[in-house]
Amino acid sequence: MTPAVIMAALVVLGLIAYGVLAGADFGGGILDALARGPRRDAQRDAISHAMGPVWEANHVWLIFVIVLLFTGFPRAFYALGAALFVPFHLALAGITLRGGAFVFRAYGPRESASLRVWGRVFGIASVLTPVLLGTCLGAVSSGRVRVRADDELMAGADAWHSPFALVIGLFALSLCAYLAAVFLTVETDGELRDDFRRHALGIGTVVVALSAALIPWVFVAAPHLGAGLLSPRALPVLLVGAVAALASGYGLYRRRFTLARAATVVQVACLLGGWALAQYPFLIYPDVSLVGAAAPSATLNAVLVTIPPGLALLLPALWWLFRVFKSTR
Amino acid sequence: MNPLLAARAQMEVSLAFHMVFAAIGIGLPLLMVLAEAIGLRTGDARWRTLARRQARVTAVLFAIGAVSGTALSFELGLLWPRFMRLAGPVVGPTFALEGYAFFLEAIFLGLYLYGWDRLSPRAHLLAGAGVAVTGMLSGAFVVAVNAWMQCPPPSSLVTLDPWATFRSAAWINMAVHSTLSCYVSVGFAVAGAAAWSLLRKRPGDWHRPALSLSLSMASVAAVLQLASGDRIAKMVAVTQPVKLAAMEAHFDTARGAAIALGGLVDQDAAVLHGAVTVPKVLSVLAFGDPDATVRGLNDFPRDLWPRVAIVHTAFDVMVSAGTFLVALSAAWWIWRFRTRAAPEAPVPVWLLRALVFAAPLGFIALEAGWLVTEAGRQPWTIQGVLRTADAATRSPHAVVTFATFSALYVFLGAVVVGMLRYLARTPVKSSEPQP
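So the sequences go chain by chain: A and B.
Sequential numbering of the first sequence, starting at 1, is according to this note's numbering.
Sequential numbering of the second sequence, starting at 1001, is according to this note's numbering.
Everything labelled a hint here was simulated from the structure, so no lab data went into it.
Every residue gets a Cβ at the ideal spot worked out from N, C-alpha and C, and that includes glycine.
Mixed in with the good hints there might be a few duds.
Label-pair restraints from in silico Cβ distances [as the list claims (entries may be wrong)]:
1) B:1122 - A:208: 29 to 35 angstroms
2) B:1126 - A:258: 27 to 33 angstroms
3) A:9 - B:1167: 53 to 59 angstroms
4) B:1351 - A:258: 28 to 34 angstroms
5) B:1203 - A:9: 44 to 50 angstroms
6) A:291 - B:1126: 43 to 49 angstroms
7) A:327 - B:1126: 17 to 23 angstroms
8) B:1154 - A:117: 42 to 48 angstroms
9) A:150 - B:1379: 52 to 58 angstroms
10) B:1396 - A:291: 30 to 36 angstroms
11) A:117 - B:1041: 27 to 33 angstroms
Only some residues are given here: those of chain B computed to face chain A with a beta carbon under 8 angstroms [said to hold, decoys possible]:
12) 1056
13) 1060
14) 1077
15) 1103
16) 1196
17) 1199
18) 1203
19) 1404
According to the in silico footprint, chain B covers these stretches of chain A (three or more CB under 8 angstroms from chain B) [to be verified]:
20) 107-116
21) 310-317
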């Protein structure tokens, strides 16, 4: 494996961590907006309680991905900045408003109208941001973003709002909500747990329906991606993901919630990983390849050298954080 | 408004906004963890209350800092695509280090904020210390990137040396200066708030401890900042003579150059009207020699001049605010020693009033100092290598995103002020944030 490939793998691993962890936090906001019925406030408290200690750490995975991307693949980042100028900005506004709304609600007045307003902002931003980030992935995969040899954008500034990209955005949204609902079944009990289980089963159905629509559509809208998904490097990963998806549904149905949580993590990880393998060796199909966009090897090696000591510090700290806040109940 | 102007304006708004929260994320955790440590040592419950109150302010402000910082990490590439494509391989590894530090800070902060009742006192204190240390490191790493932009080692873009940021002559000086500025600005802001509460006789027994602690931190940092500022002036005199000349609105090269305070800059005529001048001081400040020659702006082509009025005024604001804070620190310690004041003695009203007045000055100095650094480097993004005009995005949407983000930050800023007022008058709930 060349340094560029290792770097790309790290970007994808970071993306998976962000997708699973921060995706669930976005999903928390979506479920917050969907909260209904007699246990509405209890549901919201459970979501806030689950997110509180970890959401900022989860969020940093995005910064990690962006830094690795602009360090390792500066030319790709250059093209993406032009192609995704608008959706990136919109997503950033969403990220900013969501973070602000979360703390304003958690620490602000408990009884007044502000609680309602910030709750609304938190919900809306939590819905729009994953859709926007999903459309960005959709645009990159669509083959419509075209880049000249001098890295300038030829076409595709509108690719993020093509129907295909928008459906990928909705798919990302439904996955985030599904992750959150499944995670919350492990972190609650009693009637609250039943609520989240019901949510998870409902949202899981949406995930399956969107997958069923997307699979044939990929072959029409982005045939290169379809071929990639069927390639021997991506297909096994995707099949594992599909089995995990079934296991996660089974776990929910049979109330084996820790099984469902583990299976959902595998499902989302395989989906993102499979997507990345299908893209390989392109960062932006068909003009920007991994090797073509990579930084000089001195830079790649400099970053790669920092990874083991960096992880040696990060992983124990993360383990401490999750052990303290996620192992009880 | 063309894309270049819009990109500059958006970057300025985003950084000016983020910087306040970043500084708080570095300075406030130190106060918070010191208060907790004193509380643990003395068993005095007021210190724990203080730590908890500061922790909750940190929680709100850190979150705003984290999301606005995320926006900046994207904006680097969105607004300055040519800069990032060229410099990414050089500055990227440093950003990776910053990423680890910031990641750890977010993890430790989660443990600290939500772990009051879940961690042992020692472990909790340790998590808090982790926040303070990683916050400081993360700032020092980001500043390394900026130091490289100020004076890139000559061959670093040829060799694409991935650690050139730490070889820049400016790094240590700038990292010290910016870290101290965080402690100064947060210290005086907290002291000002405590002084206000004491003046107004607000309920609560933690105001006096808050005042002592924050002033101890701020006064030490303020005095060190004098020395650090002097080192930086002497460094800039050598590495960025145009910037030094702009800071002082110094147009004509002179031996034994006078320093000019205030005044109105006429950039076209290359004159400074109505300034107060003190002979020889500029030569001393720049080179430590009253007869040294200080080069003036007229020695350099006009298209390499920054906007002199901005740089000069910002520099005067920074120095005036800093000088006032040093004087106030001295006043505080003189009062304490002359009256042999016990730690709990009531503070005279004049001193409290002066502290309330000084509350925003640290942040004003910090913003002004940043303006000197960045506006003074213009027309360059990377000094001597890449012009700002060549680095900027050409996106026609930049005007809209500038307007949107400005509105967003003004709105968030207003909400944060309201939140701080609310937190100041609300006791810490025993179960906060939710159990």
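Here is what the structure says about each hint:
Restraint check, residue 1122 of chain B to residue 208 of chain A: a C-beta distance of roughly 49 angstroms breaks the suggested window 29 to 35 angstroms. Roughly 30 angstroms separates the CB atoms of residue 1126 of chain B and residue 258 of chain A, a value that falls within the hinted 27 to 33 angstroms. Range check, residue 9 of chain A to residue 1167 of chain B: Cβ separation about 30 angstroms, and the 53 to 59 angstroms hint is violated. With their beta carbons about 60 angstroms apart, residue 1351 of chain B and residue 258 of chain A fall outside the hinted range of 28 to 34 angstroms.
Between residue 1203 of chain B and residue 9 of chain A the CB atoms are about 57 angstroms apart, so this pair departs from the stated range of 44 to 50 angstroms. Judged by the Cβ atoms, the range 43 to 49 angstroms given for residue 291 of chain A and residue 1126 of chain B holds: they are separated by roughly 44 angstroms. For the pair residue 327 of chain A and residue 1126 of chain B, the beta carbons lie near 19 angstroms from each other, so the given range of 17 to 23 angstroms is met. In this structure the supplied range 42 to 48 angstroms is violated for residue 1154 of chain B paired with residue 117 of chain A, their Cβ-Cβ distance being about 54 angstroms.
Against the hinted window of 52 to 58 angstroms, the Cβ-Cβ separation of residue 150 of chain A and residue 1379 of chain B comes to about 24 angstroms, which falls outside the hint. The supplied range of 30 to 36 angstroms is met by residue 1396 of chain B and residue 291 of chain A, whose beta-carbon atoms lie about 32 angstroms from each other. In this structure, residue 117 of chain A and residue 1041 of chain B break the distance hint of 27 to 33 angstroms, their C-beta atoms being roughly 43 angstroms apart. For residue 1056 of chain B, the interface hint holds, the least distance from its beta-carbon to any beta-carbon of chain A being 6 angstroms, beneath 8 angstroms.
Checking residue 1060 of chain B against chain A by beta carbon gives a least distance of about 5 angstroms; that is within 8 angstroms, so the hint holds. Taking 8 angstroms as the C-beta cut-off, the interface hint given for residue 1077 of chain B holds, the closest approach to chain A being about 4 angstroms. The restraint placing residue 1103 of chain B at the interface with chain A holds, with a minimum CB-CB distance near 5 angstroms, inside the 8 angstroms limit. Of the supplied interface hints, the one on residue 1196 of chain B is violated, with its beta-carbon coming no nearer than about 21 angstroms to a beta-carbon of chain A, more than 8 angstroms.
At about 26 angstroms, the closest approach between the beta carbon of residue 1199 of chain B and any beta carbon in chain A exceeds 8 angstroms, and the interface hint on this residue is violated. Restraint check, residue 1203 of chain B versus chain A: the minimum CB separation of about 18 angstroms is more than 8 angstroms; hint violated. Evaluation of the residue 1404 of chain B hint against chain A yields a held restraint, the C-beta minimum of about 7 angstroms falling below 8 angstroms. For the stretch 107-116 of chain A, the stated coverage by chain B holds: 3 residues have a C-beta nearer than 8 angstroms to a C-beta of that chain, and at least 3 were required.
Check result for the stretch 310-317 of chain A against chain B: holds, 4 residues qualifying (beta carbon to beta carbon below 8 angstroms, three or more required).
The structure fails to meet hints 1, 3, 4, 5, 8, 9, 11, 16, 17 and 18 from the earlier list, while all remaining hints are met.
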